[in-house]
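Enquirer: All chains, please: the whole structure from these sequences, using the hints.
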Amino acid sequence: MSDVIPANQHVVIVGAGHAGGTAAVLLRQLGHTGPLTLLGEEALPPYQRPPLSKAWLKGEADEEALLLKPLEYYAVHGIAFHANTRVVRLDRDAKELQLQDDSVISYDVLVIATGARAIPLRIAGADLEGVMFLRTAQDAEELKATIGPGKRLLVIGGGYIGLEVAATGRALGAEVIVVERESRLLARVACEALSEFFRTYHEEQGVKFELGYTLTGLEGTYRRVTHALLSDGRALSCEAVVIGVGAHPNEEIGKEAGLECSRGIVVNLEARTSDPNIFAIGDVAHRPMPIYGRMFRMESVPNALEQAKQAACAITGRAAPSPEVPWQWSDQYDVKLQIAGYPFDADLTLVRGQPSSKKFSVFHLKGDLVQAVEAINSPPDFMIGKQLIGNRKPVDKAKLVDSNISLKEIVA
Amino acid sequence: MADVTYIEWNGTKHVVKLKAGVSVMEGAVKKGVPGIVAECGGSCSCATCHVYVDDAWFGKISAITEMERLTLDCAKNVKPNSRLSCQIRVTEDLDGLTVRMPESQY
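So the protein sequences, as listed, match chains E and P.
Going by this note's numbering, the letters in the first sequence line up with residues 545 to 956, in that order.
Going by this note's numbering, the letters in the second sequence line up with residues 5 to 110, in that order.
What the hints contain is simulated information worked out from the structure, not anything from laboratory work.
Watch out, some of these pointers could steer you wrong.
Unchecked claim - Pairwise CB distance ranges, derived in the manner of DEER restraints:
no., chain 1, residue 1, chain 2, residue 2, range
1, P, N14, E, G622, 16 to 26 Å
2, E, P664, P, S108, 41 to 51 Å
3, E, P614, P, A67, 26 to 36 Å
4, P, N14, E, E953, 30 to 40 Å
Stated by the list, open to error - Straight-line C-alpha distance at most 25 Å; calculated PhoX-like pairs for lysine-lysine:
no., chain 1, residue 1, chain 2, residue 2
5, P, K80, E, K853
6, P, K80, E, K903
7, P, K80, E, K602
To be verified - Derived coverage of chain E by chain P (criterion: at least 3 residues anywhere in the stretch with Cβ under 8 Å from a Cβ of chain P; other residues may be distant):
no., segment
8, 607-617
9, 699-705
10, 837-850
11, 871-885
Computed from a predicted structure; not experimentally measured.
Glycine is no exception: its CB is placed at the ideal position from the N, C-alpha and C atoms.
Expert: This is the structure in structure tokens:
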């Protein structure tokens with residue numbers, strides 16, 4: 545690479561989520577010896593977000609379990625971690641960051657890992673108490689304090705976050721209603737077979753669905769939410785409302801400084817932006833995905849880890865890691881969903897196993913190539929499917945759907 | 005508390021004191037022991053916290069669940085004493101537990 549970065553440079557990471565925290569740790573592990581600063585908006589050092597809708601919300605995981613590394617880890621490894629620190633402006637000419645309190649930090653190399661924020665509902669009453677998002681540990685604390693037996697929780701949005709919150713709400717004894725504007729669950733992110741499976745499973749657990757409806761307003765007394773108004777005019781009483789209708793990349797500091805952006809900060813295979821001294825990783829980055837020959841933005845832990853690795857490799861003068869197969873997971877009740885790849889340009893959907901057995905997988909193919917697999921309680925289908933997506937070898941479709949044939953045989 | 009010994013593929017030994025209740029994976033990740041990746045953070049989804057449990061201890065740790073067995077089955081270089089370290093909870097009885105890391109988690 546032409547842009548070799550000397551080891552004594554000051555690397556500043558903006559954003560202390562999964563991506564930023566991992567990048568800091570990897571930079572030290574890969575031998576960066578210069579100053580290293582990690583700036584986080586929240587009070588906690590980097591922590592895992594996935595448990596917020598599951599184990600943490602249920603009270604099964606404590607703060608210590610949530611943290612990626614104990615707080616002292618950062619000082620021990622020469623990482624200057626600053627909590628409650630928000631960057632408001634990036635000056636690329638001066639190589640400086642302006643913080644909320646007007647102080648300034650200069651950098652030699654910048655890593656933008658600012659993540660994404662929950663999209664708000666633009667309706668009356670959205671600012672009432674009891675109307676929440678689930679993005680941070682603080683959000684989860686608030687939700688935990690509000691729901692329980694005898695309480696009614698309204699979940700807006702039938703995506704992964706919404707469904708995980710619904711499952712946890714039921715586990716905590718709350719009544720749960722999910723309102724989704726599309727006619728099926730997980731409409732943007734999963735196939736119909738999966739939507740159907742999850743709807744049935746949640747209904748068996750007592751969750752009610754209002755599909756094809758939107759919220760037109762929220763009403764409350766004493767500033768606290770008591771009712772939600774549906775698009776057909778009905779009013780549903782509730783004690784808590786969780787909004788999970790998607791997220792927007794926190795790209796503003798990059799965009800305002802003139803970095804190329806397109807629904808996220810645009811980066812190359814090294815996670816480098818249009819400015820050679822600036823990287824962008826995690827939910828905020830719009831990145832190339834070589835196995836699909838296109839660019840997109842992902843919101844997942846594996847993506848955050850992968851891009852942290854890409855940036856750390858580039859900064860320490862290593863070759864970029866070989867292209868990965870993107871993947872993600874969701875746990876709801878005792879159902880484990882694992883997804884590998886994305887069904888781009890898929891022209892065929894094949895189901896392996898029986899959905900009624902609560903153990904099956906859906907393969908998405910483009911010709912003879914596997915583009916994506918969605919596996920329910922079927923880790924081997926996920927793991928082998930991931931290999932098939934990565935190696936781009938044509939598969940025998942008849943074997944793929946024959947549960948009597950081990951998938952290991954197909955990949956061999 | 006229990007002392008858990010992690011031995012990297014290259015032979016480097018790390019002895020870590022762990023609280024009862026944490027997983028063997030968490031112990032390694034939080035103390036910065038290399039060789040255990042744990043992409044999924046311990047939800048038995050990724051098989052990147054694969055370890056070999058020393059024979060003396062294999063029978064003493066909690067039994068393998070169906071989900072772990074299926075996940076592990078697709079990992080690389082699986083042996084009869086393979087386990088996913090996110091599924092091994094530390095107890096006082098496991099003081100002295102020794103696990104070895106595979107050459108790679110991928």
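Enquirer: Confirm or reject the coverage of the segment 607-617 of chain E by chain P under the rule of 3 or more residues with a beta carbon closer than 8 Å to the chain's beta carbons.
Expert: holds (count 6)
Enquirer: Taking the Cβ atom of E:P614 and the Cβ atom of P:A67, is their distance within the range 26 to 36 Å?
Expert: Since E:P614 and P:A67 have Cβ atoms about 30 Å apart, the given range 26 to 36 Å holds.
Enquirer: Mind checking the alpha carbons of P:K80 and E:K853 for me, to see if they're no more than 25 Å apart?
Expert: Answer holds: P:K80 to E:K853 is near 21 Å, not above 25 Å.
Enquirer: May I ask you to test the hint 16 to 26 Å on the CB atoms belonging to P:N14 and E:G622?
Expert: holds (24 Å)
Enquirer: Are P:K80 and E:K602 close enough, with their CA atoms no more than 25 Å apart?
Expert: violated (34 Å)
Enquirer: Could you check the hint for me, namely that E:P664 and P:S108 are 41 to 51 Å apart, CB to CB?
Expert: Since E:P664 and P:S108 have Cβ atoms about 44 Å apart, the given range 41 to 51 Å holds.
Enquirer: Can you take a look at whether the segment 871-885 of chain E is actually covered by chain P? Rule is 3+ residues, C-beta closer than 8 Å.
Expert: holds (count 5)
Enquirer: At least three residues with a C-beta closer than 8 Å to a C-beta of chain P: is that true for the segment 837-850 of chain E?
Expert: With 3 residues in contact (Cβ-Cβ under 8 Å with chain P), the coverage given for the segment 837-850 of chain E holds.
Enquirer: Are the Cα atoms of P:K80 and E:K903 separated by 25 Å or less?
Expert: holds (23 Å)
Enquirer: That 30 to 40 Å hint for P:N14 and E:E953 (C-beta), does it hold up?
Expert: holds (34 Å)
Enquirer: Go check the segment 699-705 of chain E versus chain P for me, would you? Three or more residues, Cβ under 8 Å, otherwise it fails.
Expert: This one is violated; 0 residues, fewer than the three required, reach chain P with a Cβ under 8 Å.
Violation of the numbered hints given earlier is confined to hints 7, 9; the remaining hints are satisfied by the structure.
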